[in-house]
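> Listed below, chain by chain, are the residues.
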Amino acid sequence: MTSWLFFFLLLALLAAPRVGLYALWQARRAERAREQVEDALKYLLDHEQAGLHVTTAALAGALRLSPARAARLADRMAAQGLLEFRGPALHLTPDGERWAMDVLRAHRLWERYLADEARMPLEKIHREAHRREHTLTAEQLDALDAALGYPQFDPHGDPIPRPGRPPAERGQPATSWPPDTAGRIIHLEDEPPLAYQQILAAGLQLGQIVRVLERTPERLVLSDGQNEYRLAPAVAANIFLAPAHDARPLPAGVQPLHLLPHGQPAEIVAIDERIQGFTRRRFLDLGLTPGTRIVPALENFFREPRAYRVRGTLIALRNDQAAHILVRPLNAEEASDE
Amino acid sequence: MTQAEQILKKADRLRRELPRNFRDEMVQSLYDEAERIARRAVQEREGRSYDLDQKIDRIVTSPIFGLPIMLLLLALVIWITVIGANYPSEWLANGLFWFENQAATLFERWGAPWWLTGFLWHGVYRGLAWVVSVMLPPMAIFFPLFTFLEDLGYLPRVAFNMDWLFKKAGAHGKQSLTMAMGFGCNAAGVVATRIIDSPRERLIAILTNNFVPCNGRFPTLIMLGTIFVAANFPPALTSFVAAGSVVAIVMIGVFFTLLISWLLSRTVLKGEASAFTLELPPYRRPNLGRILYTSLIDRTIFVLWRAITTAAPAGAVIWLLANISVGGVSLAQHIAGFLDPLGWLIGLDGVILLAYIIAIPANEIVVPTMLMVYLGTGMMIDLPWDQLGVILVEQHGWTLLTAINLMLFALLHNPCATTILTIYKETGSKKWATFSVVITLGTAFLVTFLTASLARAFGWV
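Going down the list, the sequences are from chains G and F.
Oh and the first sequence: position 336 is 336 in my numbering, straight run, nothing missing.
Oh and the second sequence: position 436 is 436 in my numbering, straight run, nothing missing.
One should not assume that every hint holds.
Straight-line C-alpha distance at most 20 Å; calculated EDC-like pairs for lysine to aspartate or glutamate [to be verified]:
#1 Lys-9(F) <-> Glu-191(G)
#2 Lys-124(G) <-> Glu-191(G)
#3 Lys-168(F) <-> Glu-272(F)
#4 Lys-10(F) <-> Glu-191(G)
Treat the hints as calculated values from the structure; they're not laboratory data.
Extracted from the complex, chain G is given alone in its bound form (with noise of 0.2 Å):
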């Protein structure tokens, strides 16, 4: 009785609907179908927005399939009538283009969560939201987009594409921008990975106002008034400048809130740039506006979180959070007043 009862436990763990191995497999197979027609589509759209041309032999090596399957996934496009043969080219139909969009879309909203909300690192949230990208209805896509704010670029500055409306600027590489002209970063470059993890190792960040002082074939130096940053010029051409006509350069003295000594009051002067979404309003929230004075106050037995007082309350952050804080510390005679 025992194994008829074993048999039976077994066969409904294969075969159940819905949650037994099965059906499970099938909808593993649904989905990575799914995923290889995006990705297709996906590098289709990168290289026409850059006028090459993309064969059925590049697509297998840019998918990592064997040329016979990338043949079929081609032909399985093409009679599903997202792209079309002209000759040995693949081109988009608008049908497909559309859909491309709509991944790229959906990947840089990702990127855009991921950033925020889910306060994972930057080098990181490219392959996370590549693994995300693929999973979401279109209701669900305007549910994230909405539920973000419409958010205008990706956290590497790249344009989020929406229906029926123009893409935006991308701005200039670094590589061609005029010498001693105030320029903001709006845009890095996050392939090569190699090349981004250069640039954040560098320090360097989006919305950063800098000049370029220096351009030979070896190295350009740029500076944003405080500290220079040397870069390959490959390195470099990943970075996007665009004109800062509301350029404010941040006052001397000026430093993040976590080395402020203890009990030295300070004035807020501005929240990092890179910071958006959910830490940035909660951060505003709590009245940590530019121009509110605040001291640190508390320190415990890890040194970690430090507790400031700000505006008569007592406010605890941690310190990879006051980094983000940029504050101006205050002489004796400026802190006496009020």
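Since the structure of chain G is already known, use the hints to place chain F on it.
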């Protein structure tokens, strides 16, 4: 195009012309306006209480005294609860069980069939009475004490002191407060996670709250620590060793809380929204009326009612399993026999597993149910500790491994039905409620399996 569409289109166009951080400017102007009004309407007195606040803060968060003060207070609260609940629990039990006997006698005199009397009074009522008498007194003591510290404004300082540790585990410092609440009752601890305003950290706190042993599990832990672990030491040390073993179990629970929090924040919950904020409000004079109201009505009665609604059916099931026989052996014995191999694998036995399965509604009745099956009585019973130890060791082959693994299992196993229900209500998701059971039960089986295998491999048992 309708008017609404036109408006939306225009809004969309205008939004793109806004400066990058127009939200900052909006908030700034709100604060400026609020400041202007406040300056006109509020007169600030040279505050003495403000200085006092700062002095207290410097002591309770100080690098030297902060942590010791916190641990001392926690130990004090738990000690008062355990000691203070002893007598009221006994009185309640005596009273409630006296009533059971009277009622059962009355039923017999009226000629009611034995199964009706048994089912109603020795099943449903007894389950209820047991849960109420074990659960009510500790909660009625613990919750007012806890609420007192809360009302005083001390608890946010604890979160402030502990945050560093929880940050390492990807969690929020306020989780230390929901854990402390879990000592009173895990269901109340889950409700208390509402103070964590960041979605990811709140889920972590909810899913790991059960690793803190609640009032319902403390008596079992103390009993096991006293009659099994401490019995192996010289008499002079017994009370010390018993207390030490319970503290060690609590520490293991804290360790698993942090470990599972760390794992969750890096795997399943990686993409959930997250932010850290912690306000340290000014201290205030505790309001006795409010303390009694929130602790007794909001917390104690609320939890007790949920426990009662689940304990009554459990009492019924337990009685039925013990009194329905197939082939001369009760159903309970049959199931225990079936579970025996699995129980052996994790250093326990079938009866213990059965007790845990049918006592899901409330951990308080695990030991009475176990004794019922061991002794073949028709209802849940209790025994004095000295007899208990003898019977378990001599007749049912308990060893030190059984006791230690039972302590570990009691610490790590799935939440009680009340807590599962609360997790479902707080997260609004069956997925998370199920998940909370899977991770705790998985941890419990894994850990006890490892300790049992190790003990056997080294020939300690």
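> A separate judgement is required for each hint: does it hold in the structure or not?
Outcome of the hint check:
| no. | hint | result |
| --- | --- | --- |
| 1 | Lys-9(F) <-> Glu-191(G) | violated (34 Å) |
| 2 | Lys-124(G) <-> Glu-191(G) | holds (13 Å) |
| 3 | Lys-168(F) <-> Glu-272(F) | holds (17 Å) |
| 4 | Lys-10(F) <-> Glu-191(G) | violated (35 Å) |
Consistency note: the structure conflicts with the earlier hints numbered 1, 4.
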